[in-house]
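K.L.:
Work out the full structure: start from the sequences and follow the hints.
Protein chains: 2
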Amino acid sequence: MNKEDFIIKAFLNKKNGDDGAIIDDWCFSKDLFFENVHFKREWFSLEQIATKAMLVNISDAISMNAVPKYALLGLALPKNLSENEIKALQKGFLKTARKFNIKIIGGDTISNDKIDISLTIISKINDKAVFRKGLKKGHLLAYTGKLGRSLKGLEILQNGGTLKPNHVFIKPKLRASFFYEIAPLISCAMDISDGLSKDLSRLLALNKCGISWFKKLDDYALYSGEEYEILFAFDEKERQNIEIIAKKHGVKLNIFGKAVKGKYEFRGREHHF
Amino acid sequence: MNKEDFIIKAFLNKKNGDDGAIIDDWCFSKDLFFENVHFKREWFSLEQIATKAMLVNISDAISMNAVPKYALLGLALPKNLSENEIKALQKGFLKTARKFNIKIIGGDTISNDKIDISLTIISKINDKAVFRKGLKKGHLLAYTGKLGRSLKGLEILQNGGTLKPNHVFIKPKLRASFFYEIAPLISCAMDISDGLSKDLSRLLALNKCGISWFKKLDDYALYSGEEYEILFAFDEKERQNIEIIAKKHGVKLNIFGKAVKGKYEFRGREHHF
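In order, the protein sequences belong to chains V and A. Under the numbering used here, residues 1 to 273 are what the first sequence spells out, in order. Under the numbering used here, residues 1 to 273 are what the second sequence spells out, in order.
These are calculated hints, taken from the structure and not from any lab test.
A pair counts as met if it fits within one copy or between any two copies, since identical chains are not told apart.
Keeping only pairs whose Cα atoms sit at most 20 Å apart, straight-line, the calculated PhoX-like set for lysine-lysine is:
1. Lys69 - Lys124
2. Lys79 - Lys114
3. Lys258 - Lys216
4. Lys258 - Lys146
5. Lys114 - Lys40
6. Lys69 - Lys91
7. Lys91 - Lys79
8. Lys95 - Lys69
9. Lys69 - Lys173
10. Lys261 - Lys133
11. Lys40 - Lys79
P.N.:
Here it is as structure tokens:
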């Protein structure tokens, strides 16, 4: 067992293991966005750092079928940040909050050796939450968008290149309106934060299923993390409805396999530990 | 303006500025507990680190008159922590959670160069929340316990000494049952995390009051941070009731001043930036 799984298991109970935790009709999600772990200062402007920190957290809420309402902001910042730099960070948080109609209601600020952000998003469930659990044998497995670009972007940055401000690695594209509309039709979902292969292995293990692939995906599609596209599954009878909704929202729909009896094992490199 | 106040001001709205934020009858509080900012590894065992991280967050909830129910746990941990070390951390989180009847419902785990903990506590308000705002001229100002020991403990550690496991710097003593009982009788409260002088300056500025001192407090009492005793105020007519409740719970009550017209300015060293 890798250490992240060991830690998750140490704290596991019925309420966790999903992108968010549900209490009454609220969903709570928390993600860390740390310098030199998730980003390097030379890759992102300060506004982009704050924006991505918000988006990766909002992504968790969306993939539970919840609408983000409030945020708590934990900011660990170097003492030598100027007021203009703090304002640039603030702009990223506030613009994204405004765009998603989120109120920042509190948090904590400390000085630190680097920029480490911790966000908690409090969201209201739309009708019914969507969980990772719920997959049945025979369900079709799908993901949104085009996978691989995040890893390619990371490689460009690691080789000293630069990315455009709207590149998915800088600014993930979320699928809120599409996902809220398909949510009643699907059996399970999660966002793709650690790569399709890793996240799929979690989804399948949790639901005690294997996969029958419809097509061979390349390594970029399988191992690209921080995509924030959505992995989900549904009964074949919902296929046409979901295709119509995807078309309506201009979302590329990739139906790549079917849940079957068996097991699927992740074989790539672990991201975290 | 110091940078922490600058940042807080940048994000301020009606919902923040208190130890916790209130939504319906829930209270949300979030505190960071970072290595080399709040603790050094040589000062604390791993279990003590996790325990203090929990307690300083629970303190926020208590001082809002809220009962902690759920926690979200953000853990940034060095890759070289052993499974036994992770278990020791886990023990601190779980024992404290059990003691306060808190469920850990989710969070995030990443690898990092040091142990940085971010906790969000979700609490249920007892009847009515207590805020920092509410102080009126003439109200008596009080704090619980004996202030100064946290700073003295820190100085001992900084000089290479050691502290007993129940020292307030290692394991803050919270005043839940006392505070819940006086909550209906008081006008405002906050926990003392940055030192009485600093926290008092915030409370008085927010309520546009000054202070008439009943006694001179020494520098240890004024400038000792991370005490997690409670600073609060009440109308003189509640004095006897509050004294009776303090006696019942074995809590030392220090009525040290009265809110008056004027201003009080903090003159000590800023802790954070």
